[in-house]
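Number of protein chains: 2
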Amino acid sequence: MTSAQMKPGEPDIRAAGDEPVPTAAMVHDAAERIAGLVRETPLLNAPSLDRIAGRRILVKAESLQITGSFKLRGASNRIAVIPEDHRGGGVVAYSSGNHAQGVAAAASRLGLPAIIVMPADAPAVKLDATRAWGAEVRPYDRQNESREEIGQQLARERGATLVKPYDDPYIVAGQGTVGLEIARQAAAMGIRPDAVVCSCSGGGLVSGTALAVRDTWPDMAVYASEPAGFDDIARSLAAGERVANDGTGDSFCDALLAPMPGEVTLPVMRHTLAGGLVVTDDDVAEAMRLAFAHLKLVIEPGGAVALAAALSGKLPKEVETVVCVASGGNVDGALFSRILTG
Amino acid sequence: MTSAQMKPGEPDIRAAGDEPVPTAAMVHDAAERIAGLVRETPLLNAPSLDRIAGRRILVKAESLQITGSFKLRGASNRIAVIPEDHRGGGVVAYSSGNHAQGVAAAASRLGLPAIIVMPADAPAVKLDATRAWGAEVRPYDRQNESREEIGQQLARERGATLVKPYDDPYIVAGQGTVGLEIARQAAAMGIRPDAVVCSCSGGGLVSGTALAVRDTWPDMAVYASEPAGFDDIARSLAAGERVANDGTGDSFCDALLAPMPGEVTLPVMRHTLAGGLVVTDDDVAEAMRLAFAHLKLVIEPGGAVALAAALSGKLPKEVETVVCVASGGNVDGALFSRILTG
Chain A
1 MTSAQMKPGE PDIRAAGDEP VPTAAMVHDA AERIAGLVRE TPLLNAPSLD
51 RIAGRRILVK AESLQITGSF KLRGASNRIA VIPEDHRGGG VVAYSSGNHA
101 QGVAAAASRL GLPAIIVMPA DAPAVKLDAT RAWGAEVRPY DRQNESREEI
151 GQQLARERGA TLVKPYDDPY IVAGQGTVGL EIARQAAAMG IRPDAVVCSC
201 SGGGLVSGTA LAVRDTWPDM AVYASEPAGF DDIARSLAAG ERVANDGTGD
251 SFCDALLAPM PGEVTLPVMR HTLAGGLVVT DDDVAEAMRL AFAHLKLVIE
301 PGGAVALAAA LSGKLPKEVE TVVCVASGGN VDGALFSRIL TG
Chain B
1001 MTSAQMKPGE PDIRAAGDEP VPTAAMVHDA AERIAGLVRE TPLLNAPSLD
1051 RIAGRRILVK AESLQITGSF KLRGASNRIA VIPEDHRGGG VVAYSSGNHA
1101 QGVAAAASRL GLPAIIVMPA DAPAVKLDAT RAWGAEVRPY DRQNESREEI
1151 GQQLARERGA TLVKPYDDPY IVAGQGTVGL EIARQAAAMG IRPDAVVCSC
1201 SGGGLVSGTA LAVRDTWPDM AVYASEPAGF DDIARSLAAG ERVANDGTGD
1251 SFCDALLAPM PGEVTLPVMR HTLAGGLVVT DDDVAEAMRL AFAHLKLVIE
1301 PGGAVALAAA LSGKLPKEVE TVVCVASGGN VDGALFSRIL TG
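Quick mapping for you: the protein sequence lines, in order, are chains A and B. The first sequence begins at 1 in our numbering and counts up one residue at a time. The second sequence begins at 1001 in our numbering and counts up one residue at a time.
Note that these hints are calculated values from the structure, not bench results. For each residue, glycine too, the CB sits at the ideal point set by N, CA and C. Treat the hints with caution; some may be incorrect.
Which bits of chain A does chain B cover? Going by a derived footprint, with three or more residues having C-beta under 8 Å, they are [stated by the list, open to error]:
| id | stretch |
| --- | --- |
| 1 | 47 to 56 |
| 2 | 285 to 294 |
Some chain A residues flagged as far from chain B (calculated, every beta-carbon gap over 10 Å) [unchecked claim]:
| id | residue |
| --- | --- |
| 3 | G68 |
| 4 | V81 |
| 5 | L110 |
| 6 | P119 |
| 7 | P123 |
| 8 | R184 |
| 9 | D194 |
| 10 | T216 |
| 11 | D219 |
| 12 | R242 |
| 13 | D250 |
| 14 | S251 |
| 15 | R270 |
| 16 | A274 |
From just these sequences and the hints, can you work out the full model?
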């Protein structure tokens, strides 16, 4: 990115390497690029939920996105900018979850072949959902193989473009379209929120969303929410550098277990976030039950951490109106049943 | 209604009594009247669900409507036309379910007091939800009291306006705004459906929706879907007159147990519907599971009968693209869990 591309007032942030630094302008470009490829998801609320929370809560229901999570946005934006002469090689990604489906669907809709490296012991429902989008699945043995090596080898052999889950400016910009929709939808409801909270693993969603909402509301307080034991973002923000999880954590938020913040995402987060919030699995389960009862939403554990922060008192008390991004809804029926029945 | 108010091409239908006959024009008026009082709900689809169904299915997610069902639409339209000098008396309704919440919320938002006559043994969650909208609840004894008599007495004593659940042209017109949104949203997706299916109890939703969608697509095939044992609409359409359920039926679709079609709604249905479809509780449970897995929607049993018809082969095979209205999502967690786990 040249400085001419930066909008006045945007923070002067530099990511590692030669990649452009994600900016609000890139999020606007992404929104234009992926219009028609992704669904505008609703911004929902329920007075009965607000009474329980003691504040007004708006839920951005990315659980209703095509593929059941926001991951389609970044993948669509990334794949759409692959140069014409590289499209034939298709794309490769490694993921056991929402990113797999997002890449598979985006590639399918943009007409590129996709191969997804997935653990051989991943739930059949996730393998099937990825194949259902027309992707080839390359299973690997978690104990004896490296998914990164397999992915890089496939990229070399096929000339495929590697689509990273978060540490890529085009992925960040695509996820940020969630924030543009939030700003537009809240304004249409006559609401100016005091804070926006996103679930956070590698930081793609919260980085992009922060760029987008702060383009409309420059002083908006944006928070990352993480499960206890996987609070690498909160600790990295506090430390001012990338700090990894210690690997001893245990959480049922299977979508949020990235080991450390991204090289692209952490600089953005340092310049745009008000802080990191940490919730327990119990907080998350209660948020899932309340979203079911009051909003009629199916939210997966990793998708409910932002709402959990707003409901459990982890968010500062003075926040009267908050937007919580419910980032995904891919949870199997048996687990969802167990959570509903406590 | 005078004939001058009827649009050319509209069927010449006459309801019993002095009430205006519901028309597409009344649905358009309702949409203007209740804009800002109701939520535009999304029209959702999932390719993985389409593969299972063998056809393209679009689900109109009224489960995501404020109060968790479409009932808010009709109630808002009905209450909004109460003359100024009758507003002080407020409104009265009897319902154990979605209509109770719809009337309570509509009255609250329009600034009128509401009293809802509900069975004393109704689930606490439904009594609470109704009270949460600021309505007074008048419990009655199902065995020894008549809710109609109580409602009429309250109406006399307080000068309150009775808001019927379906047999009122303004209720029909309000529910019909679902159909206007379907027509607009499908057109925006570039889709011309072959059929529209609504769940059906007294016929308010399907009557209004049929008027609305056939205003855009005059030959659209609109079907009512009902649970087996409560197929009074299907039988009334076949018989050409109002036929009641025999009272021996048993279904877990608690929202769809009206004893017979309405006097206002049946004439509309006779002129606008392609027919009635009948589904089993097993069909409904499977539709709820598939909506959870593929669309991340919480649909209550009565809200899933339209989708059940499209998934179970009850809908004619030649229908390649169908819109199913998911009319509500008010189901308690214990029942939903049991259904998810089969």
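Tested hints:
Check on the stretch 47 to 56 of chain A: 3 of its residues sit with their Cβ under 8 Å from a Cβ of chain B, so the three-residue criterion for coverage holds. Check on the stretch 285 to 294 of chain A: 3 of its residues sit with their Cβ under 8 Å from a Cβ of chain B, so the three-residue criterion for coverage holds. Not every CB of chain B lies more than 10 Å from the CB of G68(A), the least distance being 6 Å, so the non-interface label is violated. No beta-carbon of chain B is positioned within 10 Å of the beta-carbon of V81(A); the least distance is around 24 Å.
No Cβ of chain B approaches the Cβ of L110(A) within 10 Å, the least distance being about 15 Å, so the stated non-interface status holds. Even its closest Cβ contact with chain B, about 21 Å, leaves P119(A) beyond 10 Å, as expected for a residue assigned away from the interface. Chain B leaves P123(A) outside its interface by the beta-carbon criterion, the shortest separation being 12 Å against a cut-off of 10 Å. With a closest Cβ-Cβ approach of about 14 Å to chain B, R184(A) is found to remain outside the 10 Å limit, as its non-interface label requires.
Consistency note on D194(A): stated as away from chain B, and its beta-carbon is indeed over 10 Å from all of that chain's, at 22 Å minimum. Consistency note on T216(A): stated as away from chain B, and its beta-carbon is indeed over 10 Å from all of that chain's, at 22 Å minimum. Its beta-carbon lying about 29 Å from the closest one in chain B, D219(A) satisfies the requirement of being farther than 10 Å from that chain. For R242(A), the non-interface assignment is confirmed: its Cβ lies about 33 Å from the closest Cβ of chain B, beyond the 10 Å cut-off.
Residue-level check passed: D250(A) sits 24 Å from the nearest beta carbon of chain B, beyond 10 Å. Every CB of chain B lies more than 10 Å from the CB of S251(A), the least distance being 21 Å, so the non-interface label holds. At roughly 33 Å, the least C-beta separation between R270(A) and chain B is larger than 10 Å, which holds for a residue marked as non-interface. Non-interface status of A274(A) relative to chain B is upheld: no Cβ of that chain comes within 10 Å, the nearest being about 29 Å off.
Violated hint for the displayed structure: number 3, the only one.
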